Amino acid sequence: MRTVGILVVLAVALVASAAAGILVGAVAIAPGDVVAALFGSNDTSGTIIRELRLPRVFGAALVGGALATAGALLQGLLRNPLADPFVTGTSAGATLAAVVAIVLGLAAPLVPLAAFAGALVTVTLVWRLARLGGGTTVLTVLLAGVVLTSFAGAVVTFLLVSSDRLALQLRAVLGWLQGGVSVISWPELGVAALVVALGLGFALVLAHRVDAYAFGEETAATLGVDPDRTTTAVLGATALLSGAAVALAGLVGFVGLVIPHALRFVIGATHRRLVPASFLTGAAALVLADLGARTIIAPAELPVGAITGLIGAPFFLALLVRSRRIVI
Amino acid sequence: MTRLSASAVTASYAARVVLRDCSFALGSGEIVAIVGPNGAGKSTLLRVLAGLLRPKVGSVSLDGQHLASVSRSQVARRIAVVPQIFDTLFPFTVREVVALGRTARLGAFGRASADDVAAVERAIDELELGALAGRRIDRLSGGERQRAVLAMALAQETAVLLLDEPTVHLDPGHQLATLELLRELARRRQLAVGAVLHDLNLASAFASRIVALADGRIVRDGTPFEVLRADLVQAVFGDSLEVVARDGHPAVLPRIATRSR
Chain Y
2 MRTVGILVVL AVALVASAAA GILVGAVAIA PGDVVAALFG SNDTSGTIIR
52 ELRLPRVFGA ALVGGALATA GALLQGLLRN PLADPFVTGT SAGATLAAVV
102 AIVLGLAAPL VPLAAFAGAL VTVTLVWRLA RLGGGTTVLT VLLAGVVLTS
152 FAGAVVTFLL VSSDRLALQL RAVLGWLQGG VSVISWPELG VAALVVALGL
202 GFALVLAHRV DAYAFGEETA ATLGVDPDRT TTAVLGATAL LSGAAVALAG
252 LVGFVGLVIP HALRFVIGAT HRRLVPASFL TGAAALVLAD LGARTIIAPA
302 ELPVGAITGL IGAPFFLALL VRSRRIVI
Chain Z
3 MTRLSASAVT ASYAARVVLR DCSFALGSGE IVAIVGPNGA GKSTLLRVLA
53 GLLRPKVGSV SLDGQHLASV SRSQVARRIA VVPQIFDTLF PFTVREVVAL
103 GRTARLGAFG RASADDVAAV ERAIDELELG ALAGRRIDRL SGGERQRAVL
153 AMALAQETAV LLLDEPTVHL DPGHQLATLE LLRELARRRQ LAVGAVLHDL
203 NLASAFASRI VALADGRIVR DGTPFEVLRA DLVQAVFGDS LEVVARDGHP
253 AVLPRIATRS R
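From first to last, the protein sequence lines are chains Y and Z. The working numbering puts the first residue of the first sequence at 2, with every later residue one more than the last. The working numbering puts the first residue of the second sequence at 3, with every later residue one more than the last.
Because the hints were derived from the structure by calculation, they are not lab data. Predicted, not measured: the structure shown is a model, and the values here were computed from it. C-beta atoms are modelled at their ideal positions from N, C-alpha and C, and glycine is treated no differently. Treat each hint with caution, since some may be false.
Ranges between beta-carbon positions, derived for each pair [unchecked claim]:
#1 Z:Glu182 / Y:Ser151: 38 to 46 Å
#2 Y:Phe266 / Z:Gly224: 51 to 59 Å
#3 Y:Leu321 / Z:Ala70: 39 to 47 Å
#4 Z:Val119 / Y:Asn43: 56 to 64 Å
#5 Y:Phe152 / Z:Lys58: 46 to 54 Å
#6 Z:Ser14 / Y:Gly154: 53 to 61 Å
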C-alpha cells in the first residue's frame, strides 16, 4: 500500500510538471487560452500549444522516464549506483547507430530501431566487460563508457562532416545530439511512446528478479532466477528504453544516474517500487529541466542535455567520491 | 535419506581442472563439513552441488533427479545457498533481503502470497532478526548481515542448505551460535546441510561427517574421528599441527616452536 501511495504522489508531481511545461514558455499565453488551445482553438496560441509545447512536454517526459528506468535496471544489474545509459556509453552507441541510419537515408521510423540496435550492442558489451572485471567492475564499466563515448563521438563527427545529407541539417542534428527535445513531431512521439511502453512493461515484469541480483549473479541463480535469460531480458529492456530516449533527444546525460539513486534514499532499493517510481520521477524531472532550458535565456533555448549535465555531473562526482571507499 | 549426491565428478574452470573424480552424498538431518587447504576445491565442490557449475565428467543428482535437467527456479525450491559475498551498496532492508529467498515462488510482478510472507517472518524469528527487520542491510555489522543472508536462505524453505564459509565474518561467539543454529535446524527441519568450513575445530564439534579435500580430490569422508587424525591432518594441512582429543571430539592445535631469544 505504501508503494501505491508513493506512486500516486509521484504521478501527481508528473502531472503538475507537465501542466507547468504547457502553461509556461517563451511566448506568454493566458491559462484560459492554453485550455482552449488543448481543445482545438485555431489561432496562433493553439498552434504553439499543440504543435510545440505539448509534443515537447510529452517528449521530455518520455525521455526522462525512459532514461531513469533504464538507469534503475542497469544499476540493479551491475549492483552499483554509478551506472546509467549515459556513463556506460550505451546512449553513445545508440546515437552512433541512429546517425548511421540517417546517413544511409533510412526511413524516419527506422531511426529509433537503429538506436535500439546500437544501444543493445553497447550495453551487452558493457555487461561482458563488467563480468570480466571482478573486483574492479565499476571502474571497468566507467572506463568502457568513456572509451565508447569518445569513439562514437569521433565517428559521428566524421559522418557529420563528410555526409552531404547531414550537412544540410547540421544545426538540427547538432541540437539533437546535445540532448534537445525542441523539434519533435507527433508521429516520432508515437513510435517512441510505443517503444518506451514496451521497455517499461518488461522492466515492471522483471523488477523483482533484478532484486535477486543484490548479491551478484550467482546468488540470483541460487534464488531461482535463470541468470542468462533474465540478464538478456533486462539488457534488452534497457536498450529499448535508451534507444527510444536517444532517438527522441540525443545525449541527455545523468538523468538515469541521478533519479534512481536519489529515489533509493527515499523509497528504498526494492525494484518493484524503484522502477515505476524512477519512470514517473525521471519524466517529471526532465519536463522541468526542459522548462528551464527554454526559459532561462529566452527567447534563446538551451538543449535540455545542457541542464541535466550541469546538475548531473557534480552529483556524479560526489557519488564517485562517496563510493570510492567501498567500490573502486 | 540421500538428498543430494555427486558421483565421480570432475570439474574445471577453462583448462584448469579443480575437482577430480569426487563422489559425495548429503542426507536429511546431517551436517557435512567440507574442509581442506586453500585452493583444494571446496567452493568449487559447493558450486557443483548447487548446480552453478556443470561438471565436465560425472553427474549430480537431487532427490534422484539429474540436477542439470532441473530448472533454476525448481532448484531454488529445493537447494538454498548461503553465499560468501553478501555486500550490497543498495539500501535493502533486512526484511527485503530475507524476502529475496522467496524469489522463485513469487507471482507475476513479484506478488507475494500469504505463504511467502509467513516464511519470511518465520526465518526472521528463527535468526532473531525481529529488531533489525526494518534496518538497512548496508548499515549492519558483518555478523548481522551474515544472519540476514542465512535467514534469506531459510526463507527458501528447502530440504538442502549449502553454505560457503558461513562463519568467516563472525567472532568466535557468533561462530558457535551460528553452527548451533544450523545443528538445531538440521534436527528440527530435517535439513541436509553442507558447509565449507575453514575452522577444523568447529567442523569437529558440529559436523556429523567431515569431507576432506586436497588438490581437488576427496582424501577422506567420515566421522570427525575418522577424518581428523594426526597423519591425515598433517599430510593435508601441514606438519605444524597436532591432534588431541577433547570433550569427545578431536581438536586440532598449532604446534608453535618456541623461539630462543
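Structure-based check of all given hints:
The hint said 38 to 46 Å for the Cβ distance between Glu182 of chain Z and Ser151 of chain Y, and at roughly 57 Å that hint is violated. Checked against the hint of 51 to 59 Å, the C-beta distance between Phe266 of chain Y and Gly224 of chain Z comes to roughly 53 Å, which is consistent with it. Checking the proposed 39 to 47 Å range against Leu321 of chain Y and Ala70 of chain Z shows it holds: the Cβ atoms sit about 42 Å from each other. At roughly 58 Å, the beta carbons of Val119 of chain Z and Asn43 of chain Y sit within the given window of 56 to 64 Å.
Between Phe152 of chain Y and Lys58 of chain Z the C-beta distance comes to about 39 Å, which lies outside the given range of 46 to 54 Å. Distance hint check: the CB atoms of Ser14 of chain Z and Gly154 of chain Y are about 42 Å apart, inconsistent with the given range 53 to 61 Å.
Of the hints listed earlier, those the structure fails to meet are numbers 1, 5 and 6, in rising order.
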